[in-house]
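**Student:** Order-wise, the sequence lines are chains A and B. Numbering follows UniProt numbering, with no gaps: position 321 of the first sequence is 321. Numbering follows UniProt numbering, with no gaps: position 233 of the second sequence is 233.
Certain hints may be false.
[To be verified] Result set (DSS-like, lysine-lysine): computed pairs, CA atoms no more than 27 Å apart in a straight line: (1) Lys248(A) to Lys274(B); (2) Lys203(A) to Lys203(B); (3) Lys203(A) to Lys15(B); (4) Lys111(B) to Lys251(A); (5) Lys274(A) to Lys287(B); (6) Lys248(A) to Lys263(B); (7) Lys248(B) to Lys248(A); (8) Lys263(A) to Lys59(B); (9) Lys203(A) to Lys274(A); (10) Lys59(B) to Lys248(B); (11) Lys263(A) to Lys248(B); (12) Lys263(A) to Lys251(B); (13) Lys274(B) to Lys260(B); (14) Lys316(A) to Lys59(A); (15) Lys248(A) to Lys316(B); (16) Lys263(B) to Lys251(A); (17) Lys212(A) to Lys316(B); (18) Lys115(A) to Lys260(A); (19) Lys263(B) to Lys260(A); (20) Lys274(A) to Lys263(B); (21) Lys15(A) to Lys115(B); (22) Lys287(A) to Lys274(A); (23) Lys316(B) to Lys260(A); (24) Lys85(B) to Lys59(B); (25) Lys263(A) to Lys260(B); (26) Lys316(B) to Lys298(B); (27) Lys15(B) to Lys248(B); (28) Lys287(A) to Lys111(A); (29) Lys212(A) to Lys274(B); (30) Lys263(A) to Lys15(B); (31) Lys251(A) to Lys212(A); (32) Lys203(B) to Lys251(A); (33) Lys260(A) to Lys212(A).
Calculated from the structure, these hints are not laboratory results.
2 protein chains.
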Amino acid sequence: MSENHYAEFSECSMKPQDVLEYVSGPMPVPAEGEVLIRMKAAPINPADINFVQGVYGVKPVLPHSRAGLEGCGMVQESRAEGFRKDDEVILLRGVGSWSEYVAVPAVNVMKLPVKVDPVQAAMLKVNPLTALRMLEGFVSLTPGDWVVQNASNSGVGRCIIQLAREMGVKTVNFVRRPDELRDELTALGADLVVGEDDEDVVKNTLARLDGKRPVLASNAVGGESALRLMDMLAPGGSMVTYGAMSRKSIKVPNGFLIFKGIKLEGLWVTQWLKNAPVPEIEAAYDKLARLMADGRLKQAVDTVYPLSDVRRAVEKAQEEFRSGKVVLSMERA
Amino acid sequence: MSENHYAEFSECSMKPQDVLEYVSGPMPVPAEGEVLIRMKAAPINPADINFVQGVYGVKPVLPHSRAGLEGCGMVQESRAEGFRKDDEVILLRGVGSWSEYVAVPAVNVMKLPVKVDPVQAAMLKVNPLTALRMLEGFVSLTPGDWVVQNASNSGVGRCIIQLAREMGVKTVNFVRRPDELRDELTALGADLVVGEDDEDVVKNTLARLDGKRPVLASNAVGGESALRLMDMLAPGGSMVTYGAMSRKSIKVPNGFLIFKGIKLEGLWVTQWLKNAPVPEIEAAYDKLARLMADGRLKQAVDTVYPLSDVRRAVEKAQEEFRSGKVVLSMERA
Numbered sequence: 001m002s003e004n005h006y007a008e009f010s011e012c013s014m015k016p017q018d019v020l021e022y023v024s025g026p027m028p029v030p031a032e033g034e035v036l037i038r039m040k041a042a043p044i045n046p047a048d049i050n051f052v053q054g055v056y057g058v059k060p061v062l063p064h065s066r067a068g069l070e071g072c073g074m075v076q077e078s079r080a081e082g083f084r085k086d087d088e089v090i091l092l093r094g095v096g097s098w099s100e101y102v103a104v105p106a107v108n109v110m111k112l113p114v115k116v117d118p119v120q121a122a123m124l125k126v127n128p129l130t131a132l133r134m135l136e137g138f139v140s141l142t143p144g145d146w147v148v149q150n151a152s153n154s155g156v157g158r159c160i161i162q163l164a165r166e167m168g169v170k171t172v173n174f175v176r177r178p179d180e181l182r183d184e185l186t187a188l189g190a191d192l193v194v195g196e197d198d199e200d201v202v203k204n205t206l207a208r209l210d211g212k213r214p215v216l217a218s219n220a221v222g223g224e225s226a227l228r229l230m231d232m233l234a235p236g237g238s239m240v241t242y243g244a245m246s247r248k249s250i251k252v253p254n255g256f257l258i259f260k261g262i263k264l265e266g267l268w269v270t271q272w273l274k275n276a277p278v279p280e281i282e283a284a285y286d287k288l289a290r291l292m293a294d295g296r297l298k299q300a301v302d303t304v305y306p307l308s309d310v311r312r313a314v315e316k317a318q319e320e321f322r323s324g325k326v327v328l329s330m331e332r333a
Numbered sequence: 001m002s003e004n005h006y007a008e009f010s011e012c013s014m015k016p017q018d019v020l021e022y023v024s025g026p027m028p029v030p031a032e033g034e035v036l037i038r039m040k041a042a043p044i045n046p047a048d049i050n051f052v053q054g055v056y057g058v059k060p061v062l063p064h065s066r067a068g069l070e071g072c073g074m075v076q077e078s079r080a081e082g083f084r085k086d087d088e089v090i091l092l093r094g095v096g097s098w099s100e101y102v103a104v105p106a107v108n109v110m111k112l113p114v115k116v117d118p119v120q121a122a123m124l125k126v127n128p129l130t131a132l133r134m135l136e137g138f139v140s141l142t143p144g145d146w147v148v149q150n151a152s153n154s155g156v157g158r159c160i161i162q163l164a165r166e167m168g169v170k171t172v173n174f175v176r177r178p179d180e181l182r183d184e185l186t187a188l189g190a191d192l193v194v195g196e197d198d199e200d201v202v203k204n205t206l207a208r209l210d211g212k213r214p215v216l217a218s219n220a221v222g223g224e225s226a227l228r229l230m231d232m233l234a235p236g237g238s239m240v241t242y243g244a245m246s247r248k249s250i251k252v253p254n255g256f257l258i259f260k261g262i263k264l265e266g267l268w269v270t271q272w273l274k275n276a277p278v279p280e281i282e283a284a285y286d287k288l289a290r291l292m293a294d295g296r297l298k299q300a301v302d303t304v305y306p307l308s309d310v311r312r313a314v315e316k317a318q319e320e321f322r323s324g325k326v327v328l329s330m331e332r333a
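Bound-form chain A, shown alone (with noise of 0.2 Å):
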């Protein structure tokens, strides 16, 4: 095989379907310190069709800018100490990940602990990460204590729904479609699932909640639904905001910060994998591959399209209602 496929854009556009190329060009070749991997499968993020519209953190550089945050691969070829052919591993950074081949740094690649599923260890960068950062970086949660999150069916949402179960805390998950949702979210660990439209219904679930308050909420939505999370928090709780659904502001009450004494905070793991520490980056996906692995971090697929198809899976990637995340598949034709 000496042509490699990806796909790419030449030019932002807020319907990346309409700028995305499957395109073909000359195999990579790693040079010292890289490795070449066959890649698997990645999935399509919000943070992807952000990336391609130009709004996200990271901008592209066009024209013939590659697309793709994250997935997983096998190493074809290692010209760096520590990896051989075969290993199986994800990409930790930088973009084109939506590639049938593609040569980087080995810094910029983990090796996976254990053997897990392409299709969701090509998940496993961002979303499980997202969550467990969400869980383990800004408060420190004991078994029995509340957190609260909205987006809660999301990639994110659902493994700290996950995640949480596992360490014994309990969450409170808001939806747009509480009675569609209760029983599969439920499934994962989820201990409240609730509405978001009922106008009581922060006093609704507070009193649910066997007299405690959520320490933590998590915020991927902004607007009025952050305004829920923070009037749900203890007095001293943290909101920790990682997305921006609504794409509407968070409005803060003063009283919030002053007499409540609630922190705001942000979450981008893509900062915080630049800045962490190797070992503890280490340690944060040795934890979510094995739960991969054990089948007790799982994430929710749609539907797998193959990378030839990308315009298709992008569209569908951005329709509200779906059952779990696109992923792109270099496996099939």
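Put chain B on the given structure of chain A with help from the hints.
**Tutor:** The following block gives chain B in isolation, referenced to the frame of chain A:
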């Protein structure tokens, strides 16, 4: 002397001057563990106004609630260990400082380590401590770092300028009347004094910071003003809110939290005083009292009124442009 005089109110009102009354009652008698204090002076802070309005974090017990959240005096009679007649003290907790005499548990009182002018000492509890906590409690500041604040001409704002100067930390100070105040605040140690109304103020001000950005923002205003502070902050910086003069919520662009990694927290020294270890509280006030005694920490005073003029004083304290605090004196007829 067998009579006591004090300010009380029996209903809350947005116009404290309409409900506050200067009344007389029997002399308080200290119980075991208490001290009887002859008050010397007490300031009128926004918190006092809000307390009488019923919108403060501490709610009055009506009817016959006494007003005044801080002040200084001299021990008249001690029934507590560690205190004796003529000790100069400030009130650390509780309300009712707008009185000629108060009997309070010794734990609510702190002895001054040095001789401080009573009008200045009366303002030691809240504003200087707020400024000290602001500079010491959230971000680790080193000489040459920048701090940005709004409401810089307020009691706390001026303390921040002076304490930052002591630490070798530089300050950007937003005020509404930069041309009138520049000389005065610069004399206190302000590095930059800027108006808030200029459209390009953020860009223009950043250009004057030698390529640095503030790592801490002190916010007492909210609304647009808070947004400007966040905009100026360095990545990973903190905005700490201790007041809400504009009465407008803080609008936080999600990206500030996620991509810029900014933190939002609140500061309420009343709460801190409740929870902090006693040695830490004493160390803070010791430092502040000594700076005050040395004239290195000074709060501006607009007018001193006798306690009997409490209504007029409270009205004056609500006027927008004053040259400093309004203080009640119990030593003037």
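**Student:** For a quick check of understanding: which of the numbered hints are violated here, in increasing order?
**Tutor:** Going through the list in order, the structure violates hints 1, 2, 3, 4, 5, 9, 13, 15, 17, 18, 21, 23, 24, 30 and respects the others.
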